[in-house]
Amino acid sequence: MNKELTKYLSSGHSACAGCGFPAIVRAILGEAKDEVVVANATGCLEVTSTLYPYTAWKTPWIHNAFENAAATMSGVERAYAILKRKNKLPGGDKKIKFVAFGGDGGTYDIGLQSLSGALERGHNFLYVLYDNEGYMNTGNQRSSATPYGAATETTPAGRASFGKTEMRKNLMDIVNAHHIKYLAQANVAYMADLKKKAQKALAVEGPSFLSVFSPCTNNWKFPTSQYVAIAILATETNFWPLYEVENGKHKITLEPKNVKPLTDFLKTQGRFKHLFSEKNKPVIDRMQRIANEEFARLVSLTEKEI
Amino acid sequence: MEHGATIKHDQKKSPKTGDWRYMHPEVDKEKCIGCQTCVPFCPEASIEMKDGKADIDYDYCKGCGVCAEVCPVKAIVMKKK
Numbered sequence: 008m009n010k011e012l013t014k015y016l017s018s019g020h021s022a023c024a025g026c027g028f029p030a031i032v033r034a035i036l037g038e039a040k041d042e043v044v045v046a047n048a049t050g051c052l053e054v055t056s057t058l059y060p061y062t063a064w065k066t067p068w069i070h071n072a073f074e075n076a077a078a079t080m081s082g083v084e085r086a087y088a089i090l091k092r093k094n095k096l097p098g099g100d101k102k103i104k105f106v107a108f109g110g111d112g113g114t115y116d117i118g119l120q121s122l123s124g125a126l127e128r129g130h131n132f133l134y135v136l137y138d139n140e141g142y143m144n145t146g147n148q149r150s151s152a153t154p155y156g157a158a159t160e161t162t163p164a165g166r167a168s169f170g171k172t173e174m175r176k177n178l179m180d181i182v183n184a185h186h187i188k189y190l191a192q193a194n195v196a197y198m199a200d201l202k203k204k205a206q207k208a209l210a211v212e213g214p215s216f217l218s219v220f221s222p223c224t225n226n227w228k229f230p231t232s233q234y235v236a237i238a239i240l241a242t243e244t245n246f247w248p249l250y251e252v253e254n255g256k257h258k259i260t261l262e263p264k265n266v267k268p269l270t271d272f273l274k275t276q277g278r279f280k281h282l283f284s285e286k287n288k289p290v291i292d293r294m295q296r297i298a299n300e301e302f303a304r305l306v307s308l309t310e311k312e313i
Numbered sequence: 076m077e078h079g080a081t082i083k084h085d086q087k088k089s090p091k092t093g094d095w096r097y098m099h100p101e102v103d104k105e106k107c108i109g110c111q112t113c114v115p116f117c118p119e120a121s122i123e124m125k126d127g128k129a130d131i132d133y134d135y136c137k138g139c140g141v142c143a144e145v146c147p148v149k150a151i152v153m154k155k156k
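Taken in sequence, the protein lines are chains V and P.
All residue numbers for the first sequence refer to this note's numbering, where the first residue is 8 and numbers rise by one.
All residue numbers for the second sequence refer to this note's numbering, where the first residue is 76 and numbers rise by one.
Some clues are possibly wrong.
What the hints assert, rightly or not - As a list, the in silico BS3-like pairs of lysine-lysine whose alpha-carbon atoms are at most 25 angstroms apart:
#1 V:Lys-14 - V:Lys-102
#2 P:Lys-88 - V:Lys-10
#3 V:Lys-202 - P:Lys-125
#4 V:Lys-65 - P:Lys-91
#5 P:Lys-128 - V:Lys-14
#6 V:Lys-14 - P:Lys-87
#7 P:Lys-83 - V:Lys-14
#8 P:Lys-83 - V:Lys-40
#9 P:Lys-83 - V:Lys-65
#10 V:Lys-65 - P:Lys-87
#11 V:Lys-10 - P:Lys-128
#12 P:Lys-104 - V:Lys-10
Said to hold, decoys possible - Some residues of chain P that are not near chain V, with every Cβ distance over 10 angstroms (derived):
#13 Asp-103
#14 Ile-108
#15 Glu-123
#16 Asp-126
#17 Lys-128
#18 Lys-154
No lab work stands behind these hints: they were computed from the structure.
A quick note: this is a predicted structure, and the numbers were derived from the prediction, not measured.
Glycine is no exception: its CB is placed at the ideal position from the N, C-alpha and C atoms.
Working from the sequences, and respecting the hints, build out all of it.
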């Protein structure tokens, strides 16, 4: 067991072999300079790290319900601030960073209103979204983070349908609309970039937000050894561009030199397998168009602000 | 206030997730260049550097094969038990 990496989240959790999020949690918390308190929305990370009577968390950790990780963290953060002001803390007034983790179900869908509330109220916390693009913990139901064209349990591909018919919601823009100081989109495969963004996000006084790409071996249907390779492809095909918004200014942090065709990313996963038929060719074309347009929009945002 | 609901971390109570494994990674210490690429990507954090080479903790390694995949010099190979 690596001592340095397991400072906050230890080994012995029961996430699937080859899961992406333990590396995300460790990379982000590893950049914390102060002590951290963690809140967790319901989701894969929560259930796999806290199987009774064992917890893999070595830092104070709280789980409340699916929809209110951000609201719970708001309460914890406020309570701490008030106890500190009244000099009622037994351990003195340590500086504490509050971090909430949520999956895409607990962030894009169910927890969106509590996240919005907490961001607007300006609580001093970092919200980390690990995005595995669906409700993976309960068996691959679609969420509003599931990309267009993906087959899930609730949007199965077959004769009548090609999978999810709706586009993924743009959560980064929704979060940005709260005028917070720092938000960024990162990818587990790009560790140096992720750590840099974590440092910046943790240094912010007030709310900050990180959206991190977290491949799911079980429900995206790829071999357990492949999560890093697939995450790299997601950025190299502009499916998951890496960028940050600092004080309202957009910046693309890593632009792939040679953009690969989106099919390179799609063909690695079983959830897109059905798209490689003659009938579904327009779906792939549309997905490629969505990725191109989204990246062009990002580039135009960075240019506008210079 | 009651404090009974708190669970303290205790590594002894943790499941030994090494039981899950059906392939196990083997590090060729001659080939390993000590670049530490594999270390942060291991979901179980079961890779440590010993004498500048990757060393795997088989108590927790689930045998996913990510380390073998990301190794730039192919010093880690997945083998059946």
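Minimum Cβ separation between P:Ile-108 and chain V greater than 10 angstroms?
holds, 18 angstroms
Hey, V:Lys-65 versus P:Lys-91, does the alpha-carbon distance stay inside 25 angstroms?
holds, 17 angstroms
Between P:Lys-83 and V:Lys-14, is the straight-line Cα distance small enough, at 25 angstroms or below?
holds, 14 angstroms
May I ask you to check that P:Glu-123 keeps its beta-carbon over 10 angstroms from the closest beta-carbon of chain V?
violated, 5 angstroms
Can the restraint linking P:Lys-128 and V:Lys-14 be considered satisfied, given a maximum Cα separation of 25 angstroms?
With Cα atoms ~21 angstroms apart, P:Lys-128 and V:Lys-14 stay inside 25 angstroms; holds.
Please verify whether V:Lys-14 and P:Lys-87 have alpha carbons no more than 25 angstroms apart.
Within the cut-off at roughly 16 angstroms; holds.
Does the alpha-carbon distance linking P:Lys-83 and V:Lys-65 stay inside the 25 angstroms limit?
holds, 8 angstroms
Taking 10 angstroms as the cut and beta carbons as the points, is P:Lys-128 off the interface with chain V?
Given a closest Cβ separation of 14 angstroms, the condition holds.
Should the label of P:Lys-154 as a non-interface residue stand, given a Cβ cut-off of 10 angstroms to chain V?
P:Lys-154 clear of chain V: closest Cβ-Cβ about 13 angstroms, beyond 10 angstroms.
Given the hinted pair V:Lys-65 and P:Lys-87, is their Cα-Cα distance within 25 angstroms?
Roughly 13 angstroms between the alpha carbons, so the hint for V:Lys-65 and P:Lys-87 holds.
Beyond 10 angstroms from every chain V Cβ: check whether that's true for P:Asp-103.
Label holds. Min Cβ-Cβ 17 angstroms, cutoff 10 angstroms.
Between V:Lys-202 and P:Lys-125, does the CA-CA distance stay at or below 25 angstroms?
With a Cα-Cα distance of about 24 angstroms, the restraint between V:Lys-202 and P:Lys-125 holds, given a limit of 25 angstroms.
Of the numbered hints listed earlier, the single one contradicted by the structure is hint 15.
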